[in-house]
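*Asks:* Chains as they are written, first to last, in numbering that gives the first Met the number 0: chain A, 0 to 101; chain B, 0 to 177; chain C, 0 to 635.
By construction, these hints were calculated from the structure, which means they are not laboratory data. All C-beta atoms, glycine included, are put in the ideal place defined by N, C-alpha and C. Just so you know, not all the hints are guaranteed correct.
Some chain C residues well away from chain A (every beta-carbon gap over 12 angstroms; in silico) [unchecked claim]:
| no. | residue |
| --- | --- |
| 1 | Val43 |
| 2 | Gly77 |
| 3 | Phe198 |
| 4 | Asp562 |
| 5 | Phe581 |
| 6 | Ser612 |
| 7 | Met614 |
| 8 | Leu615 |
| 9 | Leu619 |
| 10 | Met620 |
| 11 | Ala624 |
| 12 | Ala627 |
Across the chosen pairs, the derived CB separations fall in these ranges [claimed, not checked]:
| no. | chain 1 | residue 1 | chain 2 | residue 2 | range |
| --- | --- | --- | --- | --- | --- |
| 13 | B | Ile166 | C | Ala599 | 43 to 51 angstroms |
| 14 | B | Arg146 | C | Val606 | 27 to 35 angstroms |
| 15 | A | Arg86 | B | Arg146 | 40 to 48 angstroms |
| 16 | B | Gly102 | A | Leu88 | 52 to 60 angstroms |
| 17 | B | Thr141 | A | Leu88 | 45 to 53 angstroms |
| 18 | A | Leu88 | B | Ile163 | 20 to 28 angstroms |
| 19 | A | Glu94 | C | Gly595 | 42 to 50 angstroms |
| 20 | B | Arg130 | C | Ser608 | 36 to 44 angstroms |
If you want the footprint, here are the derived chain A segments under chain C, 3+ residues with CB under 8 angstroms [as the list claims (entries may be wrong)]:
| no. | segment |
| --- | --- |
| 21 | 2-12 |
| 22 | 77-86 |
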Amino acid sequence: MNSLYTYLFLAALLFSLGIFGVFQRRSLIGMLIAIELMLTGASINFMAFNRFLAPDPIVGQIYTLFIMGIAAAEAAIALSIIVAVFRRLRSINIERAQELRG
Amino acid sequence: MNSVQSLIQPQVLAQIGFAGVVALTLTGALIAVFPRNILYNVLGLIVCLTGVAGIFVYLGSPFIAMMELLIYVGAICISIIFAIMLSRPLHLSLPKRRLPKVGLSLGVGTAVFIMLSAIISRTEWQPAAIRSSDWSVTTLGTYLLTRYDLVFETISLVLLVAIIGAIIISGYARRSTS
Amino acid sequence: MTSSWFQDPTLLAAMLGALLPFVSFVLIMVFTRPYPKLSATISVAAVSVSLICALSLLGRHWHLEQPIQYTARWMVSGKLYVPFGFMLDQLSLLMLTIVAGISFLVQVYSLGYMAGDPGFARYYAFQSLFAWAMMTMSIAPTMLQFYIFWELVGLASYFLIGFYYEKFSASEAGKKAFVMTRLGDIAFFLGLLLVLLNFGNLNILDMNSVDVTARMSPAMITLSAILIFGGVAGKSAQFPLLTWLPDAMEGPTPVSALLHSATMVAAGVYMFARIFPFFSKSPTAMTLFLAIGTITMLLASTMAMVTRDIKQVWAFSTISQLGFMVMGLAAGSYFAGIFHLTTHAGFKALLFLCSGVFIHEYETNDFFEIGQHGGRGLKVPIVCITLAAAALSGLPPLSGFFSKEAIMGGLAELPNPIWLWAGLLGAFLTAYYSFRLIFAILFPKKIEEVHHGEHGGHGHGEDHHHAGLYWVMAWPLIILAAVTLVLGFFQAPLENFLVGHHGGAEGHGGGHHAWLLYVAVGLALSGVGLAWLEFGRKGASQVGFVERLEPVKTLFAERWYIDHFYRLFLDYVIYGIFSNLFTRNDRQVIDGGIDGLCRATVGGGRVLSFLQSGMLQYNLMVMFAVLALVALYFFF
Chain A
0 MNSLYTYLFL
10 AALLFSLGIF
20 GVFQRRSLIG
30 MLIAIELMLT
40 GASINFMAFN
50 RFLAPDPIVG
60 QIYTLFIMGI
70 AAAEAAIALS
80 IIVAVFRRLR
90 SINIERAQEL
100 RG
Chain B
0 MNSVQSLIQP
10 QVLAQIGFAG
20 VVALTLTGAL
30 IAVFPRNILY
40 NVLGLIVCLT
50 GVAGIFVYLG
60 SPFIAMMELL
70 IYVGAICISI
80 IFAIMLSRPL
90 HLSLPKRRLP
100 KVGLSLGVGT
110 AVFIMLSAII
120 SRTEWQPAAI
130 RSSDWSVTTL
140 GTYLLTRYDL
150 VFETISLVLL
160 VAIIGAIIIS
170 GYARRSTS
Chain C
0 MTSSWFQDPT
10 LLAAMLGALL
20 PFVSFVLIMV
30 FTRPYPKLSA
40 TISVAAVSVS
50 LICALSLLGR
60 HWHLEQPIQY
70 TARWMVSGKL
80 YVPFGFMLDQ
90 LSLLMLTIVA
100 GISFLVQVYS
110 LGYMAGDPGF
120 ARYYAFQSLF
130 AWAMMTMSIA
140 PTMLQFYIFW
150 ELVGLASYFL
160 IGFYYEKFSA
170 SEAGKKAFVM
180 TRLGDIAFFL
190 GLLLVLLNFG
200 NLNILDMNSV
210 DVTARMSPAM
220 ITLSAILIFG
230 GVAGKSAQFP
240 LLTWLPDAME
250 GPTPVSALLH
260 SATMVAAGVY
270 MFARIFPFFS
280 KSPTAMTLFL
290 AIGTITMLLA
300 STMAMVTRDI
310 KQVWAFSTIS
320 QLGFMVMGLA
330 AGSYFAGIFH
340 LTTHAGFKAL
350 LFLCSGVFIH
360 EYETNDFFEI
370 GQHGGRGLKV
380 PIVCITLAAA
390 ALSGLPPLSG
400 FFSKEAIMGG
410 LAELPNPIWL
420 WAGLLGAFLT
430 AYYSFRLIFA
440 ILFPKKIEEV
450 HHGEHGGHGH
460 GEDHHHAGLY
470 WVMAWPLIIL
480 AAVTLVLGFF
490 QAPLENFLVG
500 HHGGAEGHGG
510 GHHAWLLYVA
520 VGLALSGVGL
530 AWLEFGRKGA
540 SQVGFVERLE
550 PVKTLFAERW
560 YIDHFYRLFL
570 DYVIYGIFSN
580 LFTRNDRQVI
590 DGGIDGLCRA
600 TVGGGRVLSF
610 LQSGMLQYNL
620 MVMFAVLALV
630 ALYFFF
């Protein structure tokens, strides 16, 4: 049970749930949460490879840390964008943000 | 394997603990995605990320697990909650779901999952021939400041830029609307 | 090369003569336009040097054996070698002298005629431009260079016809002349291209050599000759492109004298003579040219019989004389054509310059009015114009007599007598209309005595005022009259000069047709007599026999409806059919096509923009679905 495949499938499941969330949620914050899920799935993947396959078990951890940093940055930017969008549209519904519609 | 055994004595307990952590992660993920109330989602995300931190422990990196809890749960989720508080009163009507959209998303999500599982199961995962067994935080720190210092610096820079960008975007938006 | 310029006086003279007017044109246009006197001085000085150069060249090479050619490479394209330079042979030397001489006289005359005109400097600039183009054209060694300067001459003519550009009719006339000659020039150019393609060379000497027949089929020679003759027809106002010349009289009278009688329109005939051996290789084409010359001559003579405008009469007579030259050349008598060109240049310039004096004095173009205002009071012009008209009519012993006789002799050589009779008829008509004008001025029906006296006094006052100007205008007249008087006697030397020692043949022909001499002179005299009966004698009706027949008169006065035909052709065929067609093509096919393209693009954009719903999630969904499918496709 505690094998590479378990982790990989778990990561894939989290990633897919994240994708589903990104597609389905209307609120921008909900989408942000789903994106965090996807990033988490990716970092689980890295940790699993690091644990089972990599020659040097430090690299995966560094990557995970990197992803966390990216996630933090992404969250900061995304939240500020959300705040800006809310100010502009009085809503954080993604379906209202259609100004570039053709 | 050795380190895990050294942490938790009985094999079964480890298995149960692992199953529990996985269940925690999945439950948290489901809660993070499905309910329409945004606050539940954030709480689900917190649960999920806590579970992931547990998984990291099982994967032999208590340090990363700690970081996960600190950064994700402690920083990101809290900032999301702040954003929620800034954006939308909760008593207003929740956005309605449209079935076709949910169905489509479900279909595409499933397709992505099938693709990923197919890739996972089709690939023959080969462990590296020579594997080091040095997992210590000391080595991690040394590596971060020597061999991977570029990564370290880049993260710092990205974070800096992100913070400045966030300030500018929200500030600019305020100026442009007022 | 640079040193040989100065060592070779021939080349130096040719270059000086040909280029100085251009220098003067540039100087006047760029620097001295605000100073009319200075501009005129520059121009006259340049043209005098040209005249001196031309005369010295003529004297130096009087016994020329071989044509002298100076060429420099202009451009090389594949096997085509295009030189640029000068070719001096008898014909070009003669033409150079004529052009330089008439240009000089006309420019001197214009000092008086154009005095006080606001466009005085501009006038001299164009005169210089014309002199440069015409002289360089005369000594061109290749047909390409010839063509280029031919067009430049046309351009100068356009400028000078439309000199009074504020006048609508003048600018219209300039346009008409330009467009109509352009029609002929297109044919000319096509003909040159044909020669170039088939013969590979446009050198005039080569085209005239026997070599052409070896390299081009007779049909091709005929075709290209006819096409090149299109240029002659345009420039020399031959049928069917003859109607531009009368309108070209809108320009100042000295311009008419220089360009539209003596030199420029003679360029067509000159070109005919220039490649005469080439043309004569195609008998079919020659017959056609003969017919065209004859038709032109008769048409123009009839038109001249009814007009009341003094310049128009000379314009029509120019056309008819040009037709006469073409007839002479086409009949095969090379020398006769050129001789007539030479004499005609002299007496026709004289006619125009004299008319210019009358017009300048009485400010009317109607010669009946000139007569009534006392035109015969101006002694020098009236004597000169009578002399010139007599020369035009072919009365002995004036120059026109000799050259006309030469052409008649050539015509008489032809097997078909119809050409000769046509020529004789033309001579009769010429004498009639010339003296109709002369008698109308000399013996007006009623001289308005009071008016005349008053006007005479006024004129006298003007004479005092403009005495200098009058004599500036009179001197060229006297010189030209002298030339007209004596030129005829130089027939033999000229013939020797031009065609070597074949001069005997012409005299021989003349001897054969001794009766012709008497017939021609008799017809000319009877023409004069008819004119006397109707216009000259006391109590004459001053109404020509043609004018009694109303329909004929209308026909002649309307110039045989050629212009109407062109107008109708333009209106119905060009504007009605082609323009309409092209407009429609432009509007509907081209514009429509582009509009359709635009509309298709815009519409396509509209249709495709439905895909850009602004729904981020759907876009993402499609992206991931495609990604998943592609990955699945590659893995399974």
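*Asks:* Is the listed coverage of the segment 77-86 of chain A by chain C valid when you require three or more residues with a beta carbon under 8 angstroms from a beta carbon of that chain?
*Replies:* Coverage by chain C is violated for the segment 77-86 of chain A (0 residues, Cβ < 8 angstroms).
*Asks:* Is it the case that Ser612(C) keeps its Cβ farther than 12 angstroms from each residue Cβ in chain A?
*Replies:* Check fails; 6 angstroms does not lie beyond 12 angstroms.
*Asks:* Confirm or reject the claim that Glu94(A) and Gly595(C) have a C-beta distance inside 42 to 50 angstroms.
*Replies:* 37 angstroms, violated
*Asks:* Against chain A, does Leu619(C) hold up as non-interface, every C-beta pair farther apart than 12 angstroms?
*Replies:* 6 angstroms, violated
*Asks:* According to the definition I'm using, a residue is off the interface if its beta carbon is farther than 12 angstroms from all beta carbons of the partner; does Met620(C) meet that for chain A?
*Replies:* Check fails; 5 angstroms does not lie beyond 12 angstroms.
*Asks:* Just want to verify: Met614(C) was marked as not at the interface with chain A; is every Cβ pair farther apart than 12 angstroms?
*Replies:* 6 angstroms, violated
*Asks:* Verify this label for me: Leu615(C) is non-interface relative to chain A, using a Cβ-Cβ cutoff of 12 angstroms.
*Replies:* Label violated. Min Cβ-Cβ 6 angstroms, cutoff 12 angstroms.
*Asks:* According to the definition I'm using, a residue is off the interface if its beta carbon is farther than 12 angstroms from all beta carbons of the partner; does Val43(C) meet that for chain A?
*Replies:* 76 angstroms, holds
*Asks:* If you look at each residue in the segment 2-12 of chain A, do at least three have a Cβ nearer than 8 angstroms to any Cβ of chain C?
*Replies:* violated (count 0)
*Asks:* For Ala627(C), is the shortest CB-to-CB distance to chain A above 12 angstroms, so the non-interface label stands?
*Replies:* The claim breaks: Ala627(C) does not keep its Cβ more than 12 angstroms from every Cβ of chain A (closest is about 10 angstroms).
*Asks:* Over 12 angstroms from every CB of chain A: does Gly77(C) meet that, or does the non-interface label fail?
*Replies:* Check passes; 56 angstroms lies beyond 12 angstroms.
*Asks:* Quick one: work out the minimum CB distance from Phe198(C) to chain A and report holds if it exceeds 12 angstroms, violated otherwise.
*Replies:* About 65 angstroms separates Phe198(C) from the closest Cβ of chain A, which puts it past 12 angstroms; holds.
Consistency with the previously given hints fails for numbers 6, 7, 8, 9, 10, 11, 12, 14, 16, 19, 20, 21 and 22, ordered from lowest to highest.
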